[in-house]
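Enquirer: So the chains spell out like this:
6 protein chains.
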Amino acid sequence: MLKQVIALVKSLSPAPAVHAHCDGPCGVYDPASARITAEAVVSMTKKIMDMEAPPHEDKAANIAYHNTLSRYVTIKEEQAQKTKEDLLILWTDYFKPVHLEKYPDLHDTFWKAAKLCSACKVEVSTEHANELMEAVQKIHNMFWATKERDVSFVKAS
Amino acid sequence: MLKQVIALVKSLSPAPAVHAHCDGPCGVYDPASARITAEAVVSMTKKIMDMEAPPHEDKAANIAYHNTLSRYVTIKEEQAQKTKEDLLILWTDYFKPVHLEKYPDLHDTFWKAAKLCSACKVEVSTEHANELMEAVQKIHNMFWATKERDVSFVKAS
Amino acid sequence: MLKQVIALVKSLSPAPAVHAHCDGPCGVYDPASARITAEAVVSMTKKIMDMEAPPHEDKAANIAYHNTLSRYVTIKEEQAQKTKEDLLILWTDYFKPVHLEKYPDLHDTFWKAAKLCSACKVEVSTEHANELMEAVQKIHNMFWATKERDVSFVKAS
Amino acid sequence: MLKQVIALVKSLSPAPAVHAHCDGPCGVYDPASARITAEAVVSMTKKIMDMEAPPHEDKAANIAYHNTLSRYVTIKEEQAQKTKEDLLILWTDYFKPVHLEKYPDLHDTFWKAAKLCSACKVEVSTEHANELMEAVQKIHNMFWATKERDVSFVKAS
Amino acid sequence: MLKQVIALVKSLSPAPAVHAHCDGPCGVYDPASARITAEAVVSMTKKIMDMEAPPHEDKAANIAYHNTLSRYVTIKEEQAQKTKEDLLILWTDYFKPVHLEKYPDLHDTFWKAAKLCSACKVEVSTEHANELMEAVQKIHNMFWATKERDVSFVKAS
Amino acid sequence: MLKQVIALVKSLSPAPAVHAHCDGPCGVYDPASARITAEAVVSMTKKIMDMEAPPHEDKAANIAYHNTLSRYVTIKEEQAQKTKEDLLILWTDYFKPVHLEKYPDLHDTFWKAAKLCSACKVEVSTEHANELMEAVQKIHNMFWATKERDVSFVKAS
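Chains as they are written, first to last, in the working numbering: chain A, -14 to 142; chain B, -14 to 142; chain C, -14 to 142; chain D, -14 to 142; chain E, -14 to 142; chain F, -14 to 142.
Bound conformation, chain A alone (with noise of 0.2 Å):
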């Protein structure tokens, strides 16, 4: 079938080039996306354990306080969400079944990492985030490896 694909959109399109972040195909796959949003879940699961509640009787404090949380909590889960999608996204579309062949833990490597995000939304643990971190990096090295390029693992924060 993926033959059959790939045929197709050859035939459709005089570009060589048959991988993308969308799966448009677009050829532009960047397991940066991935790192940047990885960071977040690991920058606000660190600023939630860092958080003080204030006295129960300071009314103002505590709405500040909630209204922080709140945000921050939905920020953790958007952000591993998006993690999710854009490793899914590899996954599911650049990788191919010759790719599957020189990584037979390819699966296992993004079954994990999916799980992973979800442990991030569920839990606030810094210590499954940067588990998290970890595998994006993987994925990043195995990626990079594919394409026989040299990228450097940059981070933002």
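FYI, nobody ran anything at the bench for these hints, they're computed from the structure. Errors might be hidden in some of the hints.
Pairs count within a copy or across copies, as identical chains cannot be separated in the list.
Computed cross-link-like contacts, SDA-like style, restricted to lysine to any residue with a CA-CA straight-line distance of at most 25 Å [as the list claims (entries may be wrong)]:
(1) K132 to H92
(2) K32 to F128
(3) K32 to K81
(4) K81 to S110
(5) K31 to L85
(6) K32 to F138
(7) K31 to R134
(8) K32 to G12
(9) K81 to A49
(10) K132 to H84
(11) K140 to W129
(12) K123 to I74
(13) K32 to V139
(14) K31 to K123
(15) K81 to K140
(16) K97 to N126
(17) K81 to E63
(18) K44 to T131
(19) K81 to S142
(20) K31 to E63
(21) K32 to Y79
(22) K123 to E42
(23) K87 to E116
(24) K44 to K140
(25) K44 to D93
(26) K32 to L91
Keep in mind it's a predicted model, so treat the numbers as computed, not measured.
Position chains B, C, D, E and F against the provided structure of chain A, taking the given hints into account.
Expert: Chains B, C, D, E and F alone, transformed into the frame defined by chain A:
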């Protein structure tokens, strides 16, 4: 309850339990969501194949033709995307290591099903749309077998 | 007006069906979508009611508690909203004047069901969540009766 | 049920208003949202009707033509969808049983308006786009009458 | 560059208008969208400030309180975000170099208004919510002045 | 006002960073997001320009052609929109008055970049797509200079 969730998640990742069609976990997984949208992909693909281009000089008919064709392509795209997302939620959040032991082709089944979703976007292919429908039915059977429930695969169309 | 729409769609596509869960029309309507998300509303409502607040001084437990509570409220909100949207698609696109003649309480049934979706957001009420589930079942029965099909109301949870 | 919702909301917030354009309830309903997007539907419909297909052999002009046509169809779709959503929020959340007594055609007015939104997607019809605009104006008048305010129907285009 | 865009759009469509609230361009810009959502930000901010935390031991009341607080924070976030988006559409698509000559503080006005939207998310501040409302009114006046129309700033709440 | 926001955020969270790609603030800004989507705009624009319309009488080829063309236009639209959003987050949330003093053309740079995003939607223009890429690179340099970090502009395609 929290303790139970944490315990659940810990046992899950690297880990075993917790169900949810939305990684809440809310405890409600159902492959029917993916079945409904896959039916829409089959339907839109057929409708696109059945369209007849009007004569070049009939302006009004051409506008109606392109309005319909453009909308059908967009709807096919959206429904294939939703099918992909709903299938991947089952793969990343419902299925667990214990299921993988029982279904060694679990990863491959979902990988191919996800790639079929992308193929149904890139192409207008009744063959691939039907293969997607079969992949969804296979997953429906696998899913309900893990719950030891006998749920029939009832189509809406 | 409806007649003209139907006539137009028929003229554009040889397929006789004019129904769709996405106003394509793609020909695939199924109340199962609303049933799945309503089940999630019931599930999240129960889980929220079952939560126990940890002692004020246990910081880690409080953070985990608020992470979970905040996420459950958001998921309840999203699932209630999806239920509302899926029910309204049936009301605005599937049901037609001919059905209104047969079911004179059609409008009222959907109005109340939609208001129940909003109530399930605003409140944490098992009573209203259960009433929503019943409203969805009533619509399921009404829907399949118009198609003269006998489809059972199978819940996933 | 409604009474309980109202009671609950009132008990939670000292503000007497129970209306909201987002079922918060945030207390801010305004048919102007639906009016703006309905104007966009009228505008896109006209622009599509006014487009002239270039000669078949002029490649660059054909690409520009299809880029514009495809975008206009998508924008018409989105704006009609937003109009539908904003109208339905008024119907499901703002209007209450007491209003139904005063406006017995309330349900029918919204049902027809919602069906017009779908018709404006399926077709490229200035007639239906104009009818949608009239439906929105009728709802604007009905809405402000319930609030005993005299707000003029000012269009942006 | 702008000139070329305008020339291209004019060449593609006989309509002379080049304005749009959705960069279609669909020709329908209206600051009322931003006004409605800014009103919702003001409303949600006030409602959050007015909430009273129930006694720690009243479980049901605490759940209701957190359900409401969490939802209000989310709605405030969404409405502030929509205000930001709608204002930025005016800045990036409606306003042109010719307007900048007439309003040298154009960029600064929008920059500050956008930063106020973010501040209304991060904080629960009636002061900043009111400043946002004033910024929207200033932009309303600036906008209609460029069209030489006298449109009053009518609030829904 | 800004100072107050910063003070508030600092008081709420012990973390000293006040930057975020999502106005959390989560502390993770990175122009790489805009770079990736801008690359996709360039890619889709080229692919659209390279497409050859099939003979009018070849029905299957025409359907495949329009399916591809329609999808490419939609993807170009989405990626240009994401580029716009990601650039504007930098402008509204990362850059502060102190940066404006150092880069007096800050506002103009972002205004032009945002207008280029819209131009890349309205047109199929390799010239404007390339100009957008240059604008993104200029912003990349400006951004990392404010952080006194030397980060290379590495493209994925």
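Enquirer: Are there hints from earlier that the structure breaks, and if so, what are their numbers?
Expert: 5, 18, 22, 24, 25 and 26
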